[in-house]
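Chains as they are written, first to last, in my numbering: chain A, 1 to 352; chain B, 1 to 352.
Hints may contain errors.
Pairs count within a copy or across copies, as identical chains cannot be separated in the list.
Claimed, not checked - Listed below are the simulated SDA-like cross-link pairs for lysine to any residue, each with C-alpha atoms no more than 25 Å apart in a straight line:
no., residue 1, residue 2
1, Lys3, Ala329
2, Lys283, Ser216
3, Lys226, Glu77
4, Lys3, Val336
5, Lys283, Pro215
6, Lys226, Gln261
7, Lys3, Gln261
8, Lys283, Gly337
9, Lys226, Leu185
10, Lys226, Ile237
11, Lys226, Asp251
12, Lys283, Leu299
13, Lys283, Thr298
14, Lys3, Asp328
15, Lys283, Val295
16, Lys283, Arg209
17, Lys226, Asn268
18, Lys226, Ala329
19, Lys283, Thr249
20, Lys283, Gly115
21, Lys226, Glu238
22, Lys283, Val324
23, Lys226, Glu192
24, Lys3, Gly45
25, Lys226, Val163
What the hints contain is simulated information worked out from the structure, not anything from laboratory work.
Number of protein chains: 2
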Amino acid sequence: MTKVASVVGTGLIGGSVALALRRAGWTVTGTDVDPAVADQALESGVIDRIGIESDADLTIIAAPVGQIPELALTALESGSGPVTDVGSTKADICALVTSPRFVGGHPMAGSELDGLIGARAEMFDGAMWVLTPTTDTDEQAFAIVRAAVRAMGAETIALEPRVHDELVAQVSHVPHLTAAMLMVLADDTSVEHAALLRLAAGGFRDMTRISAGRPSIWPDICEANKTAITTGIDRLIEALADVRERVATGDRAGLLEMLEQAQAARINLPTGFGRADGLIELKIPIPDQPGEIAVIATLASELDVNIFDLELTHSGEGRRGVMVMVVDAEMAERFVGGLMARGYRPRSRVLD
Amino acid sequence: MTKVASVVGTGLIGGSVALALRRAGWTVTGTDVDPAVADQALESGVIDRIGIESDADLTIIAAPVGQIPELALTALESGSGPVTDVGSTKADICALVTSPRFVGGHPMAGSELDGLIGARAEMFDGAMWVLTPTTDTDEQAFAIVRAAVRAMGAETIALEPRVHDELVAQVSHVPHLTAAMLMVLADDTSVEHAALLRLAAGGFRDMTRISAGRPSIWPDICEANKTAITTGIDRLIEALADVRERVATGDRAGLLEMLEQAQAARINLPTGFGRADGLIELKIPIPDQPGEIAVIATLASELDVNIFDLELTHSGEGRRGVMVMVVDAEMAERFVGGLMARGYRPRSRVLD
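Produce the complete structure using the sequences and hints provided.
Below you can see the structure in the form of structure tokens.
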């Protein structure tokens, strides 16, 4: 029998959930606070029909964090099946929505594009999707949510709501606020402001990139994850005070130790992909001309080299760049040979 | 008459200086603290001959920050022409090397590759090169250094040594130490450490990328730029305490204002290139398969679209990505049309 899901909110994530579940053979109905968005979801084939099924096998709340508790409680009252959500904080929501049929969730995907237009069935393929069952959670409900998430192509990880929020504060919320503060400080319109902007090179751009994201989602997130975020900022301030002390006192050995720990941890940070076969990082200096990237990417394609990660970085204000690629170790040697034959001078490093 | 330059230190930057000056018609001699490196520079055609000319038109000190003052003073004593350096801090060096014939310099380029093997004549094309004359600096010496830097393809900007150090602390040194601290905090090997690493997605990776760089250069930099770095950390700590307060007190309007300022500043941050004709940012969702990048880059090449910036980002742990490209506005429309004809769904945004 075909399984039925109802999606409350057919934007970027809700639309992708609908597409991913339909790809897995489910029938999906949906609504949106903006009826025009639901109409558009129906017209573009994202959902099978408009509406919420009271006997749906699963209801997914895909709304902004602040609206989730009320929408989840409504869905639990009007239906009989399990309900989950996709909010980026979990403790507040799980404290308010205490039904055994509710399982909190947070797919770690989809931040790059906004709205239904960005929705894709492949959104969650291989992505990490946190589920936050509590001691009250019904085992059957958890199993259904977990199976649906896996059917959408995601990997699941179960965490306590509070632990989820602490970890996300550390790897997402606090870094985001820190990037924003670096950017605000650089926005100080003093006499040398123009010079400062001219000197801001790749590292600064990398560090502040996320601050270009939509500001309007953050008041909700900061409110919902207040404790973990303030604790995270306190820890960062403490760490910065520590490194400041080492700089101020000229503690060269202490500084080096700290930076070596950071380097080792960064190099060991998993990439967005599994590393079963080992990966090689290549740095390829390229003059900035149309076609250089195509030559390199085409060569990779011809040699069947899968590009796991790719970034074009620039030297200061220069038009010359370095292409940083992460490729599978198996094919790296042939690829390097091909690059050298075409006049490139790649440097390679094994990522462990 | 052919101009002659002597380069003290034929590593990445010194080797590139030599190549760039030779490209501009200069004769270049050089030495290195490691004679084998100087030999290699000669053999690979980076320099014309080994040695320092006492009557060189210009001597460039391309050594680690801590060794520059002594090497510069030696060069000033043994020669009669202007002397410059390429150290990444300037106040300490310019305070110690007070000759009217010395002009401090700092090319904002070359951080990606290490050693002579990475040296290239094009290293400084379009790059920003800070010069730090003082009130004592001889005008003729400054003119010679400036002309040489321009001959190497760089743009020059003149700043007081102290101002240079403050700006570089803000856009490079403090962000670097902050990235390292975020990474050290994430390296806390508590019970949930493995989960944390699994949740660390693109934004965190962007922010901590620079902490993977060579730690050994930082004790020197932190020592030479102690005041500006400690001041910069103090300002960041103050800003973080401010945002923490807004989170703690639920000051939603205040948070939003801060994040909107950061967003506007980040969007207005100059890219590594001039923007004379306007640039378009394209976000192109792509499944992660060998060949996707090649198809897109080849299309760009065929349409003569210059790619100003390019990054492949991933959604969480997913194998699906979004290719973010910055291209010139003039050709963007045809490029978008070509992409759509090939089944991609790019979203574009004008960068102002």
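Each hint tested on the structure:
Within a single copy, Lys3 and Ala329 get their C-alpha atoms no closer than 42 Å, and across copies no closer than 47 Å, so neither meets the 25 Å cut-off. For a Cα distance limit of 25 Å, the shortest separation of Lys283 from Ser216 across copies, 20 Å, qualifies, whereas the shortest one inside one copy, 37 Å, does not. Proximity of Lys226 to Glu77 under the C-alpha cut-off of 25 Å is found in neither arrangement, the shortest distances being 29 Å within a copy and 62 Å between copies. Taking the shortest Cα distances, Lys3 and Val336 never come within 25 Å of each other, neither inside one copy (49 Å) nor across copies (38 Å).
In this homomeric assembly, Lys283 and Pro215 come within 25 Å of each other (Cα to Cα) only across copies, at 19 Å, whereas the closest approach inside a single copy is 34 Å. For the identical chains of this complex, Lys226 and Gln261 are inter-copy neighbours only, at 21 Å across copies versus 29 Å inside a copy, given an alpha-carbon limit of 25 Å. In this assembly of identical chains, Lys3 and Gln261 lie within 25 Å of each other by CA distance neither inside one copy nor across copies; the values are 49 Å within and 46 Å between. For the homomeric pair Lys283 and Gly337, the shortest alpha-carbon distance inside one copy (14 Å) is at most 25 Å, but the shortest distance between copies (31 Å) is not.
Taking the shortest Cα distances, Lys226 and Leu185 sit within 25 Å of each other both inside one copy (23 Å) and across copies (19 Å). Taking the closest pair of Cα atoms, Lys226 and Ile237 come within 25 Å of each other both inside a single copy (16 Å) and across two copies (18 Å). Taking the shortest alpha-carbon separations for Lys226 and Asp251, only the inter-copy value of 11 Å comes in at or below 25 Å, while the best intra-copy value is 35 Å. In the homo-oligomer, the alpha carbons of Lys283 and Leu299 lie at most 25 Å apart both inside one protomer (15 Å) and across protomers (23 Å), since each shortest distance falls under that limit.
Taking the shortest alpha-carbon separations for Lys283 and Thr298, both the intra-copy value of 17 Å and the inter-copy value of 20 Å come in at or below 25 Å. When the C-alpha separation of Lys3 and Asp328 is checked against a cutoff of 25 Å, the pair qualifies neither within a copy, at 38 Å, nor between copies, at 48 Å. In this assembly of identical chains, Lys283 and Val295 lie within 25 Å of each other by CA distance both inside one copy and across copies; the values are 15 Å within and 21 Å between. In the homo-oligomer, the alpha carbons of Lys283 and Arg209 lie at most 25 Å apart both inside one protomer (21 Å) and across protomers (14 Å), since each shortest distance falls under that limit.
In this assembly of identical chains, Lys226 and Asn268 lie within 25 Å of each other by CA distance neither inside one copy nor across copies; the values are 30 Å within and 30 Å between. Taking CA atoms no more than 25 Å apart as the test, Lys226 paired with Ala329 passes in neither setting, with 43 Å inside one copy and 41 Å between copies. Taking CA atoms no more than 25 Å apart as the test, Lys283 paired with Thr249 passes in neither setting, with 36 Å inside one copy and 46 Å between copies. For the homomeric pair Lys283 and Gly115, the shortest alpha-carbon distance between copies (14 Å) is at most 25 Å, but the shortest distance inside one copy (35 Å) is not.
Taking identical chains as interchangeable, the C-alpha atoms of Lys226 and Glu238 lie at most 25 Å apart whether they share a chain (18 Å) or sit on different chains (19 Å). When the C-alpha separation of Lys283 and Val324 is checked against a cutoff of 25 Å, the pair qualifies both within a copy, at 5 Å, and between copies, at 19 Å. For the identical chains of this complex, Lys226 and Glu192 are inter-copy neighbours only, at 20 Å across copies versus 36 Å inside a copy, given an alpha-carbon limit of 25 Å. Taking the closest pair of Cα atoms, Lys3 and Gly45 come within 25 Å of each other only inside a single copy of the chain (18 Å); across copies the shortest separation is 70 Å, beyond that limit.
In this homomeric assembly, Lys226 and Val163 come within 25 Å of each other (Cα to Cα) only inside a single copy, at 13 Å, whereas the closest approach across copies is 38 Å.
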